[in-house]
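Protein chains: 2
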Amino acid sequence: MFNEALANERCRWPQWRDKLRTPQEAAALIKDGMTVGMSGFTRAGEAKEVPRALAERAGNEPLSITLMTGASLGNDLDRMLTEANALSRRMPFQVDATLRRAINDGSVMFMDQHLSETVELLRNRQLANMDVAVIEACAITEDGYIVPTTSVGNSASYAILADKVIIELNLDSPAALEGMHDIYIPQMRPTRTPIPVVAADSRIGTPHIPIDSESIEAIVVTQGHDSPSTVLPPDADTRSIADHLISFFADEVRDGRLTPSLLPLQAGIGSMANAVMSGLAEGPFEHLSMYSEVLQDSTFDLLDSGKLDFASGCSITLSEDCGKRVWENLDHYRDRLVLRPQELSNHPGIVRRLGIISINTALEMDIYGNVNSTHVGGTKMMNGIGGSGDFARNAQLSVFVSKSLAKGGDISSIVPFVSHVDHTEHDVDVLVTEHGLADLRGLAPRERAVEVIEKCVAPIYRPALRDYFSEACQRGGHTPHCLEQALAWHIAMEKEGNMRRFQYVEKAQAIG
Amino acid sequence: MFNEALANERCRWPQWRDKLRTPQEAAALIKDGMTVGMSGFTRAGEAKEVPRALAERAGNEPLSITLMTGASLGNDLDRMLTEANALSRRMPFQVDATLRRAINDGSVMFMDQHLSETVELLRNRQLANMDVAVIEACAITEDGYIVPTTSVGNSASYAILADKVIIELNLDSPAALEGMHDIYIPQMRPTRTPIPVVAADSRIGTPHIPIDSESIEAIVVTQGHDSPSTVLPPDADTRSIADHLISFFADEVRDGRLTPSLLPLQAGIGSMANAVMSGLAEGPFEHLSMYSEVLQDSTFDLLDSGKLDFASGCSITLSEDCGKRVWENLDHYRDRLVLRPQELSNHPGIVRRLGIISINTALEMDIYGNVNSTHVGGTKMMNGIGGSGDFARNAQLSVFVSKSLAKGGDISSIVPFVSHVDHTEHDVDVLVTEHGLADLRGLAPRERAVEVIEKCVAPIYRPALRDYFSEACQRGGHTPHCLEQALAWHIAMEKEGNMRRFQYVEKAQAIG
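Protein sequences, first through last, are from chains A and B.
Numbering of the first sequence is given in our numbering, commencing with residue -10 and proceeding in unit increments.
Numbering of the second sequence is given in our numbering, commencing with residue -10 and proceeding in unit increments.
Extracted from the complex, chain A is given alone in its bound form:
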C-alpha cells in the first residue's frame, strides 16, 4: 500500500498505527453541516485524499460543509467539492472557475477575507467552532506534532482549534521541508505580548505545529504533488511594468529614500508580480530580503542570482520546471527560507514594523488611485482580496500594477470610478502600467488624477478620462466626479461587452 519504511521514518509518533485510516474512513468523520478547516495555500500543501473522498461521498448523500482553508486549493479540489454540492460556505480565498460560478450565482456563500484575519476571527469565536481540521504533513514528531509541507497557511491554528484532527502524511513531500517552518501562535487578546518578528529571517516559534495528540482522530498516508503554478513568462507589457518599477526603485536609492537593499519585499501571486520580482535581479540592488505571502519562481531566481539573501513566506508555489529545480535541491535553499502561518506572514503590525515594499496586482483602478482587486464589473467575484489589504495598508511603499488594457483593448483597466473598492486611495502610493508609473505620494486627489491619467492610462482611453476629469473639476469637490457618468464605463461593458465607446482613436494618435 505504501512504503512502510518511509512512513516509519516520517511518522515518529508511537501511536500512529492505531490512527491509520483510509481516506474514506477519515472523511467519514466529517458530517453534514460541519465546519472543516483544511491546509492549503495558493495550491500548495493542501490535504489531497480526504477532500477527494469527501467529494465522492457528497455525490451520494446530502453533505454540505463550511470549508476554511489558507487560500486556494490545488488538484481541482474546489471544483470537485463544488460539483458534488459539498460546499455551503467557503472562506477566505479561492481561484477555481467552477467554485467561482457557484459563488457568483449565490449557491455557495463566500466570505472574502483579509488573509491575516481568518484565524483571529476563529480564535475569538466570531466564526463557528471548527469541527475537523485536515492537514497535510511531511512528518509527525515523537509527540504527535505536525510538520507541514509546502504551505503553513492557517494550518497551525486550525489544527490547534479544531475538535478533531485528520493528518494526511504525504510521503512524496520532501523530507528537507522539516525545519523550514516557524510556527508561532499569538496570545489571546487583550493580554497579547508583542510578536517578536523583527526581520525576514526572524525565527520565533517551533518547526512543528504543537497540538494535543488526543485530538488526532485519523492519519491517512498519501502520495502526490501540489499542482504546479501556471506563471507565464513576461510579455512586452509586464516587462515594461517591471522596467518602470525598477527604475523608480533605483531613483529612490539615488535620492536616499531607499538603500540598495531596498526594504523587505512582498509580491502578490501571478505572472505580473513574478515578472517584476525577476526584474530586480537586473537592478542596482543587493542583499534583498522578502517578507511575503507566497514564494514563487522569482524568489528562487533571485536567490540563485545572489541578489536575495532571505525569503519569508507562508507557502511555496512553483511552476513545474522551477519545482523540479527546487524540490530536488531543497537543502541548497532551506537556510534562506522560512514558512510561517499566514497570520504572521501577512500581519499588519509586522508589515508596518518592517516597512515593507508591497507589490500587488489590481484588477481595476480609478483616476484617484482606488483599487478593485476582486469584483469584475463590480459584482462578480474573481478570486478574493487575499493578502493585498494586509500588505498595502501598512507597507512603507504600496505599489499596484496592472496592464492598462484588458481583452485586447476592449477594457481600460483605469476607469473614472472603480466598480468595487478593495483598497482606498489612502493605501495606494504608486500605480504602474506598461505606459508608466504614477507616484501618488503626498498628492491630493486632483493631483493624483492628472498623474494617473497622463502616466498610466492607455493613450486610446486617455482623452475620455481627461474629459471626465475636466468636467468633474468644473462641478467641484475634493474628489471630483460626474456621478451620472461615473459607472458608465462598466455599464457599457455590461451592455455592449466592451468600453470601446470611450476610445478616441484619432485623439489618441495625436498623443502618440
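Just so you know, nobody snuck in bad clues.
Copies of the same chain look alike in the list, so a pair counts if it fits in one copy or across any two.
Here are the computed lysine to aspartate or glutamate pairs in the DMTMM-like style, where the Cα-Cα straight-line distance is at most 20 Å: (1) Lys484 with Glu473; (2) Lys484 with Glu460; (3) Lys369 with Glu473.
The hints are simulated quantities; they were obtained by calculation from the structure and are not laboratory data.
These figures come from a predicted structure and were not determined experimentally.
Starting from the structure of chain A, add chain B where the hints point.
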C-alpha cells in the same frame, strides 16, 4: 506682559529668555512655500498666537504654506489661515467650514490621511522636509524638552524632525498636565523593534518631547484656552443607537465572547460616539479601559462612574462644562490618563495586539456594509477619514454607527452603493442605526445585505432597497448590483436635493 514668576516656573530651560519672541517675530521665521508642522488635535493643544500672526501677515504679503497638524485646529485658525490665502496644502484632517469650501473648490490641496501614518511618511522622506514646527507647551524642561498641553498628536515627531522649532508656552494650560504624556518615537525601519505597548496603561516613553535644544528658534509666551467641543446631549435616536449597541455587548458577554471588562474601547469623535460611550455606564460592565484617539466628555463620565479604570488617547477635547470639571481637578484624573503620539494611539499593530472594540460614525453606508466616512455625494470632503481606518481595520470588533436618516428624512444614510469608500466590507463587523443592529460577522455579501436592510434601514426607504437587492440578485454576482441604478440615489440628491423618490410611504406604513 505676562506673569514672570509663572513663566519662570513653567520654563526651566536656562537659555529661554534669549529665545523669547513676540508672535510676529516668531511667525517671521515662516516663509512663503515652507512646510510647517503645528500642534493641535481635534481643537486641543494647538499653537494659538503664531498661526494668528501668520494669518495677519498673509493678509498683507504673498505667503502660502503646507500646513501639517495632528488633526483639526481650534480657535478658528483654519478659517483665518484660509481667508488669508495662507494655505496651499493641508494635511491630514480638518473640520473648518471655510477651509472645507476651499478644499472642495480646489484652491487648497488637502491630503486626507490615516492619522497614524502622517509622521511615518515624513520620517521616510515621502513628504517634503519640515521647515518649522510650532508646538504649544505647558512647560519646557531643564534640557529644553517640550511638555505638550492637551494633545500630543503629531507634535513630538514634528518637533524632532523640523529644522526649526517655535514653542508657544501657554501659561493658562494646567500645570498638572506635566507627567500625563508618554512620548515614544518608533525606530527607523526596517530595523524597528516591537513597540512595547501591551495595555491602555502601558508607559513606554518619556513625559516630554526630547528635542535638540539647538533647534529652538523662538519661544512665545501665550495665554488662552482650547475651543470647547460642541458635543450635543443624546437625542432619541442616539439613545436608541447606544441601547442597541449596549445590549449587543451584553449578549457578547453572556455568550462568553467578551468579559464584563469588554476590550479596550475606541470611540470616534462627535455626539453619537459620545452618547454610546456614556451609555456604557448603565450596562453590566466593569473595569473598562479605553485605547482611543480623542478623550471626550464621556471618558470623564465613565471615570467618574467608576466603570472606567484607565484611558489612553492622544488628545482631550471637552465641552465647556466638562472642561471646567476636569481642568480644575486634573490631579483627580491624571493617574488614570495617558496622552500619546497619534502614531501610537492609532497604531494598527497595537490596535491589532490589544483587540480593540472600535466605534466610529459613518456618513453613509451601503447594503453590503461598505462605509463612506468622508465624501458628501461622493465628491465633497466633509472632514477626513481621521483615525477610523487605523482602528476599524485592526479592531477585534469594528462598529460603525449612524442615524438611518439625514436632513429630516430627505436622505437615507443607507444606500445601494456608497458614493465613496473609506472602509470596505472586510473592515466592518457591526452596523447600528436607531432601528437596530446588523451583526455582519461571518456573513457573505448577500447575507449582509438582508441583515443591513432589515435591521438598520429606515422603514420608509426599506422597500426600495429590498427591490434593488432583489433585482440585483436576479442578475447575479457575489456582490449583486444593478450598476445603472447604483448611484441613482446620489444623483437624485444632486438634482432634486433629496432622495424622496425612493421613499415608499404606503409600504413603509405596512412594515410598521
